[in-house]
Amino acid sequence: MNKVVKDAMEAIIDLKDDQTLMLGGFGLSGIPENCISAMVKKEVKGLTCISNNAGVDDFGLGLLLKKHQIKKMISSYVGENKEFERQMLSGELEVELNPQGTLAERIRAGGAGIPAFFVPAGYGTEVAEGKEVREYNGKPHILEEALTADFAIVKAWKGDKAGNLIFRHTANNFNQPMAMAGKITIAEVDELVEVGELDPNQIHLPGVFVQRIFQGVDYEKRIEFETTR
Amino acid sequence: MALDKTQIAQRIAQELQDGYYVNLGIGIPTLVANYIPQGMDVVLQSENGLLGIGPFPEKGKADADLINAGKQTVTYLPGSAFFDSSLSFAMIRGGHIDLTVLGAFEVTENGDISSWKIPGKMVKGMGGAMDLVAAAKNIIVATTHTDRDGNPKLKKKCDLPLTGVNCVKKIVSDMAVIEVTDKGFKLLERAPGVSVEEIINATGAPLIIEGDIPEMKF
Numbered sequence: 001m002n003k004v005v006k007d008a009m010e011a012i013i014d015l016k017d018d019q020t021l022m023l024g025g026f027g028l029s030g031i032p033e034n035c036i037s038a039m040v041k042k043e044v045k046g047l048t049c050i051s052n053n054a055g056v057d058d059f060g061l062g063l064l065l066k067k068h069q070i071k072k073m074i075s076s077y078v079g080e081n082k083e084f085e086r087q088m089l090s091g092e093l094e095v096e097l098n099p100q101g102t103l104a105e106r107i108r109a110g111g112a113g114i115p116a117f118f119v120p121a122g123y124g125t126e127v128a129e130g131k132e133v134r135e136y137n138g139k140p141h142i143l144e145e146a147l148t149a150d151f152a153i154v155k156a157w158k159g160d161k162a163g164n165l166i167f168r169h170t171a172n173n174f175n176q177p178m179a180m181a182g183k184i185t186i187a188e189v190d191e192l193v194e195v196g197e198l199d200p201n202q203i204h205l206p207g208v209f210v211q212r213i214f215q216g217v218d219y220e221k222r223i224e225f226e227t228t229r
Numbered sequence: 001m002a003l004d005k006t007q008i009a010q011r012i013a014q015e016l017q018d019g020y021y022v023n024l025g026i027g028i029p030t031l032v033a034n035y036i037p038q039g040m041d042v043v044l045q046s047e048n049g050l051l052g053i054g055p056f057p058e059k060g061k062a063d064a065d066l067i068n069a070g071k072q073t074v075t076y077l078p079g080s081a082f083f084d085s086s087l088s089f090a091m092i093r094g095g096h097i098d099l100t101v102l103g104a105f106e107v108t109e110n111g112d113i114s115s116w117k118i119p120g121k122m123v124k125g126m127g128g129a130m131d132l133v134a135a136a137k138n139i140i141v142a143t144t145h146t147d148r149d150g151n152p153k154l155k156k157k158c159d160l161p162l163t164g165v166n167c168v169k170k171i172v173s174d175m176a177v178i179e180v181t182d183k184g185f186k187l188l189e190r191a192p193g194v195s196v197e198e199i200i201n202a203t204g205a206p207l208i209i210e211g212d213i214p215e216m217k218f
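First to last, the protein sequences are chains S and Y.
Residue numbers for the first sequence, in our numbering: 1 to 229.
Residue numbers for the second sequence, in our numbering: 1 to 218.
Certain hints may be false.
What the hints assert, rightly or not - Straight-line distance between alpha carbons at most 30 angstroms, and here's what the computed DSSO-like set of lysine-lysine pairs gives:
id : chain 1 : residue 1 : chain 2 : residue 2
1  : S       : LYS72     : Y       : LYS121
2  : Y       : LYS186    : Y       : LYS155
3  : Y       : LYS117    : S       : LYS131
4  : S       : LYS131    : Y       : LYS121
5  : S       : LYS66     : Y       : LYS186
6  : S       : LYS42     : S       : LYS221
7  : S       : LYS158    : Y       : LYS59
8  : S       : LYS139    : Y       : LYS5
9  : S       : LYS45     : Y       : LYS117
10 : S       : LYS158    : Y       : LYS61
Since the hints were made in silico from the structure, they are not lab data.
Because the structure is a prediction, the values reported are computed rather than measured.
Kindly produce the complete structure, drawing on both the sequences and the hints.
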């Protein structure tokens with residue numbers, strides 16, 4: 001079983017136009033920078049991207065948006081990207097906005113083999129339109145369906161060659177649930193180590209969920225709002 | 001005189017209790033963290049995956065892997081925990097968070113709130129707001145009493161797309177503290193120097209007023 005690939009280009013070698021992708025990260029924190037750059041270079045288009053945010057104008061998924069490689073976004077908050085807002089308001093880009101916790105759970109459920117579930121979030125709002133409503137514990141809930149993707153592309157701190165992953169600080173965010181929900185999950189990591197070097201007690205995501213892994217290079221790790229004391 | 005933003009935050013901080021787990025939204029709510037009473041144990045949750053938010057980092061110590069839900073760099077504290085987004089919302093949806101403080105465009109007398117979208121103008125997305133208002137045990141809205149043009153933000157019905165229904169419990173504005181009851185808005189306190197009359201005139205729905213309304217204390 002060899003999960004290790006050379007780099008991002010090799011990791012996305014069979015990624016095609018019109019496929020559905022999950023991309024980890026919250027804002028610019030914990031985004032798979034190497035794979036995003038490789039997708040820009042590969043010029044794949046017509047993509048449906050499931051990602052909490054859409055990057056900023058010149059970084060993260062903003063790079064794919066600028067080149068019109070994304071057809072549809074499934075996100076929860078897209079406020080930091082003007083090009084995104086322009087493409088959405090003009091109708092060039094299809095957008096499905098989900099409550100953030102619903103989005104995270106749809107992804108987790110997709111990886112966990114749960115096709116649908118009921119949540120209270122969004123009841124009585126436009127999010128609930130067309131969805132089944134049921135009352136549980138005296139409170140209305142709406143039916144939400146799981147999400148899966150052709151590729152889940154995540155960023156972790158440390159990974160071993162068996163695909164076990166450890167995330168760092170708040171750079172975990174959507175990476176962990178997304179890693180569970182890809183038909184093919186690609187993990188790019190700051191540090192790739194040999195099997196046996198990671199303490200099994202500290203693993204966040206077991207390697208069974210990961211098909212391809214590589215050590216990334218040249219991480220910019222941009223900060224959106226550097227705030228100090 | 002109506003309160004400024006920091007005074008609104010200061011008044012909301014009086015609602016905190018020892019042992020509370022609290023989620024603070026972006027804007028005025030974030031400022032509440034500056035007024036947690038000395039010696040009170042309050043744990044702040046950030047929905048991107050941090051329980052126990054610390055102060056902003058010192059200059060030069062900002063870490064791209066350590067941000068709050070507003071994407072600002074933060075720090076963590078002894079006893080803090082990091083986790084993924086689905087676990088974060090399990091905390092929220094599962095009712096483990098005691099208090100949510102958030103901003104709003106409009107709040108209605110039955111506790112509906114709009115806060116995320118102005119059709120045709122601004123579509124940033126709801127982020128975690130819909131999950132938070134649908135599940136937190138207690139929801140306080142921090143807001144100005146009227147919008148920039150002087151129109152009431154406390155109303156009978158929301159004109160903008162809803163974030164949640166029947167969920168807001170209390171409103172702390174620059175003019176008043178108002179409880180959302182089964183019978184509508186109930187005036188609890190007024191800002192120093194603001195009259196009951198002025199609050200009535202700035203509110204877009206009837207107010208229940210019982211006896212003398214005290215001024216807020218700081």
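Verification of the supplied hints:
At roughly 20 angstroms between alpha-carbon atoms, LYS72 (chain S) and LYS121 (chain Y) fall within 30 angstroms of each other, so this suggested pair holds. Between LYS186 (chain Y) and LYS155 (chain Y) the CA atoms are separated by roughly 13 angstroms; this keeps the pair inside 30 angstroms, and the hint holds. Our distance criterion of 30 angstroms between C-alpha atoms is met by LYS117 (chain Y) and LYS131 (chain S), whose separation comes to about 20 angstroms. Annotation: proposed proximity of LYS131 (chain S) to LYS121 (chain Y) holds, straight-line Cα distance about 26 angstroms (limit 30 angstroms).
Restraint check for LYS66 (chain S) and LYS186 (chain Y): not satisfied, since their Cα atoms lie roughly 50 angstroms apart, outside the 30 angstroms limit. A distance of roughly 22 angstroms separates the Cα atoms of LYS42 (chain S) and LYS221 (chain S); the hinted pair therefore holds under the 30 angstroms criterion. Between LYS158 (chain S) and LYS59 (chain Y), the direct Cα distance comes to roughly 27 angstroms. Compliance with the 30 angstroms bound is thereby established for this hinted pair. Annotation: proposed proximity of LYS139 (chain S) to LYS5 (chain Y) is violated, straight-line Cα distance about 34 angstroms (limit 30 angstroms).
With a C-alpha separation of about 29 angstroms, the suggested pair LYS45 (chain S) and LYS117 (chain Y) falls inside the 30 angstroms cut-off, and the hint holds. The hinted pair formed by LYS158 (chain S) and LYS61 (chain Y) meets the criterion: a straight-line CA distance of about 22 angstroms does not exceed 30 angstroms.
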